[in-house]
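Throw the hints in and build the complete structure from the sequences for me.
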Amino acid sequence: SQQGEEDPQALSIQEGENATMNCSYKTSINNLQWYRQNSGRGLVHLILIRSNEREKHSGRLRVTLDTSKKSSSLLITASRAADTASYFCATGRNSGNTPLVFGKGTRLSVIA
Amino acid sequence: EADIYQTPRYLVIGTGKKITLECSQTMGHDKMYWYQQDPGMELHLIHYSYGVNSTEKGDLSSESTVSRIRTEHFPLTLESARPSHTSQYLCASSESGRSYNEQFFGPGTRLTVL
Chain A
1 SQQGEEDPQA LSIQEGENAT MNCSYKTSIN NLQWYRQNSG RGLVHLILIR
51 SNEREKHSGR LRVTLDTSKK SSSLLITASR AADTASYFCA TGRNSGNTPL
101 VFGKGTRLSV IA
Chain B
113 EADIYQTPRY LVIGTGKKIT LECSQTMGHD KMYWYQQDPG MELHLIHYSY
163 GVNSTEKGDL SSESTVSRIR TEHFPLTLES ARPSHTSQYL CASSESGRSY
213 NEQFFGPGTR LTVL
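Which chain is which? The protein sequence lines are A and B, in order. Each residue of the first sequence is one higher than the one before, starting from 1 at the first, in the working numbering. Each residue of the second sequence is one higher than the one before, starting from 113 at the first, in the working numbering.
Treat the hints with care, since some could be wrong.
Heads up, simulated SDA-like pairs for lysine to any residue below, C-alpha to C-alpha not over 20 Å straight-line [as the list claims (entries may be wrong)]:
#1 A/Lys104 x B/Met153
#2 A/Lys26 x B/His156
#3 A/Lys70 x B/Leu172
#4 A/Lys56 x B/Tyr212
#5 B/Lys169 x B/Gln149
#6 A/Lys26 x B/Ser192
#7 A/Lys104 x B/Ser192
#8 A/Lys104 x B/Gly170
#9 B/Lys169 x B/Ser192
To be clear, the hints were calculated from the coordinates, so they are not data collected in a lab. Given the structure is predicted, the values throughout are model-derived calculations rather than measurements.
So, in structure tokens, the structure goes:
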């Protein structure tokens with residue numbers, strides 16, 4: 001079964017609001033990554049957090065990781081219509097010698 | 113934009129045809145992957161390769177085959193296409209020798225089998 005499960009499956013917010021997406025996983029990990037996918041396109045890497053890190057920031061993105069709860073969250077602050085996309089978490093195990101396992105994704109709609 | 117390319121971007125073919133989806137990357141990555149994704153749904157890993165002459169099956173059973181004769185090239189072949197193969201196919205690559213395998217994705221090939 002899939003390692004990562006995103007929650008919610010879909011999210012609709014107004015421009016300027018914050019968007020929070022959650023990801024849960026089942027086994028121990030080496031790192032957790034978030035990717036973005038615009039409709040009909042490939043995925044683009046957003047941010048990576050290592051298993052020994054608890055929080056990471058990149059521009060308007062904030063990622064947290066709680067290894068005790070096997071969960072992560074992605075916060076997008078001050079959302080824009082251009083943030084409309086699907087967001088996937090992906091988990092990496094051991095030293096990177098196994099492929100990433102992707103979750104089912106959260107579909108974010110930001111309404112102008 | 114990542115230096116990873118897929119052709120064709122769109123393909124509509126009839127049942128029973130043999131097709132090859134092309135994927136090339138110019139980043140010198142040893143690791144390459146093929147995913148199948150229905151619109152708006154999760155990604156399923158169907159094949160991956162960690163270097164020349166190395167290929168592995170992924171989590172999703174697939175009737176496709178792959179080859180890795182050159183580092184930069186990882187084509188996927190369907191010997192006899194069926195309507196159930198209609199989907200989007202995404203190719204990705206990542207760098208070896210790193211602990212964290214960030215993947216770079218191509219734009220995808222949307223396949224429709226009539």
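Compare the distance between the alpha carbons of B/Lys169 and B/Gln149 with 20 Å, and conclude whether the hinted pair is satisfied. Distance of about 16 Å is within 20 Å: holds.
Worksheet item: CA of A/Lys104 to CA of B/Met153, is that 20 Å or under?
Response: 6 Å, holds
- Decide if the proposed pair is consistent with the structure: A/Lys70 and B/Leu172, CA atoms, cutoff 20 Å inclusive. 24 Å, violated
When you check the alpha-carbon spacing of A/Lys26 and B/Ser192, does it fall within 20 Å? 37 Å, violated
Exercise. Quickly compare the C-alpha distance for A/Lys56 and B/Tyr212 to 20 Å and report which way the hint goes.
Key: 16 Å, holds
Does the structure keep A/Lys104 and B/Gly170 at a Cα separation of 20 Å or less?
-> Given pair A/Lys104, B/Gly170 holds - Cα atoms ~17 Å apart, limit 20 Å.
- Starting from A/Lys26, check that the Cα of B/His156 is at most 20 Å away, please. 17 Å, holds
Verify the proposed pairing of B/Lys169 with B/Ser192, using a straight-line Cα cut of 20 Å. 18 Å, holds
Practice prompt. Compare the distance between the alpha carbons of A/Lys104 and B/Ser192 with 20 Å, and conclude whether the hinted pair is satisfied.
Written response: 29 Å, violated
Hints 3, 6 and 7 from the list above are not met by this structure, while the remaining hints are.
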